[in-house]
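Trainee: Let the hints inform the model, and build the full structure from the sequences given.
Chains A and B, in that order, give the protein sequences.
Per the UniProt record's numbering, the first sequence starts with residue 1, numbered consecutively.
Per the UniProt record's numbering, the second sequence starts with residue 1, numbered consecutively.
In short, the hints are calculated from the structure, not lab data.
Just so it is clear, the structure is predicted and the values come from calculations on it, not from any experiment.
For every residue, glycine included, the Cβ atom is placed at its ideal position computed from N, Cα and C.
Treat the hints with care, as some may be off.
What the hints assert, rightly or not - What follows is a list of derived Cβ distance ranges for each label pair:
1. B/K38 x A/H242: 28 to 38 Å
2. A/A81 x B/G176: 39 to 49 Å
3. A/L21 x B/T224: 49 to 59 Å
4. B/P49 x A/S207: 28 to 38 Å
5. B/T213 x A/Y119: 48 to 58 Å
6. A/P347 x B/T224: 24 to 34 Å
7. B/K72 x A/E214: 20 to 30 Å
8. B/T224 x A/A81: 57 to 67 Å
9. B/G126 x A/K44: 27 to 37 Å
10. B/K86 x A/Q212: 29 to 39 Å
Stated by the list, open to error - A short, non-exhaustive set of chain B residues, derived as facing chain A with CB atoms under 7 Å:
11. L15
12. W34
13. L69
14. A138
15. G140
16. F142
17. A143
18. M226
As the list claims (entries may be wrong) - These stretches of chain A come out as covered by chain B in the derived footprint (C-beta under 8 Å, 3 or more residues):
19. 200-206
20. 341-351
21. 358-367
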Amino acid sequence: MNDSPARLPLRTAAAVKLGNLSSTLSQKMGLGAGGMIGGRVALKLDPQALGHLTQGRRVAVVTGTNGKTTSTMMLARAVGALGEVATNHSGANMPDGHVTALSKQPDAPYAVLECDEAYFPAVSGASNPAVAVVLNLSRDQLDRVGEVRTIERSLRDAISKLRNCTIIANCDDVMVTSAAWNAAKVVWVATGTGWHHDSASCPRCGSPISWQGEHWHCTGCDLARPHPNWITTDEAMITPEHQKLELRLTLPGKFNQANAVMAAAAAYAMGVPADEAVRRLRGVSNVSGRYRTIQRNGRSARLLLSKNPAGWSETLTVVKEAHHPAVLVINAQEADGRDLSWLWDVPFERLQGRTVIASGERATDLAVRLTYAEVQHTIVPDPLKAIDQLPQGAVEVIANYTAFRDLNARAAADE
Amino acid sequence: MSESTVQIALVLPDLLGTYGDFGNAVVLEKRMTWRGIKAEIVPINYGQPVPDSCDIYVVGGGEDTAQTLAVKHLREHPGLQRAVTKNAVVLGVCAGIQIFGESFTRADNVTHPGMGLIDSTSHAGGSRAIGEVVAEPADGLFAGPLTGFENHQGRTVLGPAARPLAHVKVGTGNDGSVEGAVQGRIVCTYLHGPVLPRNPALADMLIEWATGTKVAPIDLPAVTAMRAERVRAAS
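Mentor: As structure tokens, then:
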């Protein structure tokens, strides 16, 4: 194992220099955060840049439908115990974002890369990862990303080609288990979370999947829940050495406990002791603005991001605990997916009796869903104005991708 | 179960529920309940026999393997086919239009037998049709326009026994010119959204067929606003 990255070929070095320059210019001119443009320029000049930039580093790639950004941040924190880590923090999770992150920290011996599911085959193929984390797979942006089974199949093919990589896989998710089933090296994590609505039938043979409590098996082939190496329990985890470690996370919700255990298992595979990994990732509190609370005219609004039915279902569980009014913000831009049919897969009925405002560019679509869920609501398309219309006190704001991004940027500008 | 309760069978939601089509059953149930008509949703999951005693059957869209499995199940447990002979109302969405037909041929050129409920055949088109659709209901079946979101590879050709549901103004539908199918009391469409929240007049038409009584319109401002927004966005 090398302690520092390999020297870059001349072409890559020049591409990186020009790329970094474009990032800086983009930031200075106020055009963007510079998270992608640098990488885009570098990849144009050197299409092999990702392979060259990862050479000699220990790389972890994190993918899945939900929790990528949080898990990546947790894993990067944990791997920080071993040395400097290059990572793409801001959700810029396609190759241009990876190249930008790696270019900015050319000497970091470790890299933790959040990767869009659709780009996993290309990125894992180019970066020779030591560890790949597959969190969960569920329906998301069907018009852009495609159907879950197509994604599962492409991950399965990509994983079967990785010979020197340890796959960290969620064995409570049928799709993830199938994708990692034939991996050369795999560590199974029982996360206690999984969206079962996309896995009534086996992704491999089409037969029904049978569930008995947490255990599941395919009734037609040998796919079945593997024996887990790591187990998530209530607020704690059990390591492969049967050590119980309290999680005590700053972030709320069961799904963040799942993210934490996946990150801890991945850090362990990278060489970080389990207790040290947990101690480090526990500190993650604000993931690109998610979970943070903004103060506005006597209202303190917690900002939560949810992008798809599985994510919304988990988030509604979190906000259910407190009986605060809620602002729900829905857009349907390209990056969100243009088809809002998925709103009907979200159990909004849970918000009955609550003060709710429908907001965002597609507030009326949401209002129709809430009407049929018999949830009283008003429509205020601008989310900041919606917060202002609620009584002073705590407010929960749940927004999907571009709605969250825009709201977060406006809130940050106000502060 | 009381004789007077309208039973809405939600057919194989675990296989054919990829696109929020559960919403179609919710809309039928609520629009009846709000009018004082007793209604309930009866989910029929994979592995369970399909009853022939329900009044309305709602079938959603699904991925390829799930769709194949659904046809197999529905042929082995032909409750839906028996219900059709007893005049039940059926809504088939997306995969529905393909599996209700005589046959459907996938991109891999393998032809699968359908359920033979609709005089149609489906085959894989060159490109995936994705986007907003606006269409004018055929023969003034219900108040238009018909709006929805399509996302499908299949193209469908109707035989003489099936009529189109609507004529396409924006989008693709069956073939770029007509959308969906009507045969007896079976209605098929490629449209998601889901289709019934988007098109309350279509929902009420199915309710009138099932109950045999005229229903008064329900004024839902959010629905009116959404329909106007979607039609504007499509054109």
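Trainee: Look at each hint and say if it fits the structure.
Mentor: Okay, the hints, checked on the actual structure:
1. B/K38 x A/H242: 28 to 38 Å: violated, 55 Å
2. A/A81 x B/G176: 39 to 49 Å: violated, 59 Å
3. A/L21 x B/T224: 49 to 59 Å: Cβ of A/L21 to Cβ of B/T224: about 53 Å, so the range 49 to 59 Å holds.
4. B/P49 x A/S207: 28 to 38 Å: violated, 18 Å
5. B/T213 x A/Y119: 48 to 58 Å: This hint holds: roughly 55 Å between Cβ atoms.
6. A/P347 x B/T224: 24 to 34 Å: The hinted range 24 to 34 Å holds for A/P347 and B/T224, with Cβ atoms some 26 Å apart.
7. B/K72 x A/E214: 20 to 30 Å: Hint holds: Cβ distance 28 Å, inside 20 to 30 Å.
8. B/T224 x A/A81: 57 to 67 Å: Given about 58 Å between the Cβ atoms, the range holds.
9. B/G126 x A/K44: 27 to 37 Å: Holds, at about 31 Å.
10. B/K86 x A/Q212: 29 to 39 Å: Hint holds: Cβ distance 37 Å, inside 29 to 39 Å.
11. L15: Given a least distance of 6 Å, the restraint on B/L15 holds.
12. W34: violated, 10 Å
13. L69: holds, 5 Å
14. A138: violated, 24 Å
15. G140: Since chain A brings no Cβ nearer than about 25 Å to B/G140, farther than 7 Å, the hint is violated.
16. F142: violated, 18 Å
17. A143: Because about 17 Å separates B/A143 from the closest Cβ in chain A, which is outside the 7 Å limit, the hint is violated.
18. M226: holds, 4 Å
19. 200-206: holds (count 4)
20. 341-351: holds (count 5)
21. 358-367: Per the Cβ count (3), the hint holds.
Of the numbered hints listed earlier, those contradicted by the structure are 1, 2, 4, 12, 14, 15, 16 and 17.
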